[in-house]
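Colleague: Chains as they are written, first to last, in full-length UniProt numbering: chain A, 1 to 349; chain B, 1 to 349; chain C, 1 to 349.
It should be emphasised that the hints constitute simulated quantities derived from the structure, not laboratory data. There could be a bad hint or two in this list.
[Said to hold, decoys possible] Derived, one-sided and incomplete: chain A residues facing chain B with beta-carbon distance under 7 Å: (1) ARG49; (2) SER53; (3) MET59; (4) PRO307; (5) ARG309; (6) PRO322; (7) SER324; (8) ILE327; (9) GLU334.
Ideal Cβ positions, reconstructed from N, Cα and C, are used throughout, including at glycine.
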Amino acid sequence: MRTFINVEDIGDLNLALAEAQEIKNDRFKYQHLGKNKTLLMIFFNNSLRTRLSTQKAAMNLGMNVIVLDVNAGAWKLETERGVIMDGDKSEHLLEAIPVMASYCDIIGVRSFAGLTDREYDYAETVLNQFIRYSGKPVFAMETATVHPLQAFADLITINEEWRMKNEECGMMDEESTAAANSSSIIPHSSFKKRPKVVLTWAPHCRALPQAVPNSFAQWMNAADVDFVITHPEGYELDPKFAGGARVEYNQMKALENADFVYAKNWSCPGVTCPDDYGKILSKDMSWTIDSAHMAVTDKGKFMHCLPVRRGLIVTDDVIEGPDSLVIPEAANREISCSVVLKRMLESNL
Amino acid sequence: MRTFINVEDIGDLNLALAEAQEIKNDRFKYQHLGKNKTLLMIFFNNSLRTRLSTQKAAMNLGMNVIVLDVNAGAWKLETERGVIMDGDKSEHLLEAIPVMASYCDIIGVRSFAGLTDREYDYAETVLNQFIRYSGKPVFAMETATVHPLQAFADLITINEEWRMKNEECGMMDEESTAAANSSSIIPHSSFKKRPKVVLTWAPHCRALPQAVPNSFAQWMNAADVDFVITHPEGYELDPKFAGGARVEYNQMKALENADFVYAKNWSCPGVTCPDDYGKILSKDMSWTIDSAHMAVTDKGKFMHCLPVRRGLIVTDDVIEGPDSLVIPEAANREISCSVVLKRMLESNL
Amino acid sequence: MRTFINVEDIGDLNLALAEAQEIKNDRFKYQHLGKNKTLLMIFFNNSLRTRLSTQKAAMNLGMNVIVLDVNAGAWKLETERGVIMDGDKSEHLLEAIPVMASYCDIIGVRSFAGLTDREYDYAETVLNQFIRYSGKPVFAMETATVHPLQAFADLITINEEWRMKNEECGMMDEESTAAANSSSIIPHSSFKKRPKVVLTWAPHCRALPQAVPNSFAQWMNAADVDFVITHPEGYELDPKFAGGARVEYNQMKALENADFVYAKNWSCPGVTCPDDYGKILSKDMSWTIDSAHMAVTDKGKFMHCLPVRRGLIVTDDVIEGPDSLVIPEAANREISCSVVLKRMLESNL
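Okay, chain A solo, but in the shape it has when bound (with noise of 0.2 Å):
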């Protein structure tokens, strides 16, 4: 594996999520891929868990990590071509890049989007450049428009969670059974039920990017789930990751019998009306995911990517319930990674 972007790059979902089940079974099993590879995690914005559970993932692996905080003791990096560079920045990305890339074998690339245009932050300009000059893999912990590692940790979180539910509910066929019994992982196609995953929008102070929601919806497209997504108008995002997924405009109406309720701000994706790209449409604090909403489900799961405002995107009570899957959903962010990690440290580095 060259790069990790989209869904696509990781291959067929169920073999992916055996393989996660294997190093969550034995996190230090792959330790020996590691040994003197390199891992550099280039940070253009803040992280909290993207920077600890990468780094943990590369060291389960042998491997040895670099962290470079490009806004905190390096130079300040120009990603225009064609600048007299009389300013601030002191470095071009494209001596930067290859520089970097020749003291690691791995690259993790944290680049937000900017919200102020579109075509530059739906290109994924700064990632494409680190892919197109370093020669190296290159994979995104959260770019302009994607954020896979997420994604990928909120798939195996509703496949953990699913098997559970549905053990319980002695849902599973006999020869699902068997495999749950010998650890193995089950395809959701042996499950009697597709579960029901709605993505609701939330209301936030600040304008976000899409790149959640973009990989979420991506990523639900290609698994085997009923996926719902709800917002108010105006926020329908890209074709490009939601293509073909239902949208429902009514938030109660989405969530009936949702076994799984993701909620995430995200700011106007632009796609019906490009001016309005990365705007706040909405305040509606009608949206924030209380207990009332969550009644109508099926017993659903609270998810979000973290970190999550309290009081705007959901209340106390629901983020600390039992049925709240933020933490489990963050803690599988080390496993996600280190099956990205291993896939690229297996190919011909």
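Dock chains B and C against the given chain A, drawing on the hints supplied.
Modeller: Just chains B and C now, kept in the frame of chain A:
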């Protein structure tokens, strides 16, 4: 050992000192303990000694280390409950703690006193949230009211120096001399005289927390030494830490015949007058430790936890002189931390 | 090797180049040397290449690495003596240095020239305090007046390129061709012609230190090359570094038949007029290296230490062209640093 906050956590002090000596003789002896174990160091405040010595100790034990500066590169964390999070803090500690804990095996926390709310500080609100919500062993890397790694390193230093002084003076009994020759630790009780240890307040230009004097008082109270505290009126330390220690308000009288002079500034602990909590009550430069102060001691050794403000706490000649222990104290931070991490690794992780 | 500051520290250059080649052929060959040894990298200034390449080199050698950004996460350090420390600096370098040294085996220091006090800068005040008070091997990661890791990497790059150029032209004698075929290093003296290396000043929007041109001049003077320096009047480098090198004030004349063009900006070194120290004397854009400049060379290679300001130092077409060596130079920083650390580890630590 699940937590390292107070002197009780380390158990018998002579055993702890013996273990410190064993590790100092071979810092890498327990390297197998840390294999595939990860230490997460979380800094809400600046650090030099603690940052470096803790990393070094963990690496000596074969651990992986992740350092997280919360205010540089991560999200700002909300620490209060029941808040609508529409300000600059984008994540709640109640999510952040279990998430961070999921990527590591042991957690070190640095979180200074705010010095505005005595109740909040002395409840160790941040540290206790880590203990409660992480599910992992937690140790204080200086928190609101304690700095036990420093106090333990100070005790190790005092023990080493007192042993040397006694050996030089022939003040040890035969059994102790034999033990000394075989490089094992000497319990204080085997010395013919207990060392006189004086903790003295000294002036400073800023309001400082009480964590260092609190822990030093607590550890000296538990150790086999003759302990005296001296400070201007109003600077009385909290009885939780200093209870039982002799207080002498006349600094020169307190220093008479001292074997160890431990200088430190602290702001008003608010014991007698809660409204004064965190305030500077005195900038009396006559309390600065100079050669005249040291002259009344019994060839006393000068100690300070560092960083130290020269010209305020101590004069250049004293801190640079042959009786200054500030560097050995700092060097022993690697040792005190090694004992703590070893104990935690040996416990059922 | 106890210090790495000047070209003399590395000893015979042909041996050093041979060692560089050996390490480049197998970067992990000396991994046993660094076991349980810790490198402490101390940054008073920003860094990209140095930060990454030095970490990589140390990890190649099996070392543990601790990175300390003094201005982010640590205390501000007082570097002057005899000061009453009641300002924003809470620790003195005289304490900080031995403390930091107690937690490591080798120290790398980055501390740029302030460019206001020539005497202070050219005395290498900060670096020399580290050498004097740490008791550990110390190397410069660019200090006030030198950047030897860069100069060594530049020499390695020139040697590699010159060998390739000579092999292509059949300009080596038989013995050298045989040696080349067996992958060993070729001493410069075995080439029929010495390469012409030109260090040329180029304009910049900010006042930059002289560390890079100083070290480059010092190393080229010691190497077996035909070395010329060109710059506007007033930019004469300190004779301590550039003494003996030919200076040609006509840039185009200097560049004639050059094999290597090393561009770099520097501010006034204050040799002829001390009051001008650190000032920008010229912003003459005719000195910017473009294709017209390169046209008068002998198919010359373009070099720069990076970071480089495009449009000021060099045009896009030259730095992106096939004769640009800026990336190989940077990649060789891992190699030059590996040789230095290996030598220090082999010495009696």
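Colleague: If you test the structure against every hint from before, which numbers come out violated?
Modeller: As far as the earlier hints go, 6 and 7 are violated by this structure, in ascending order.
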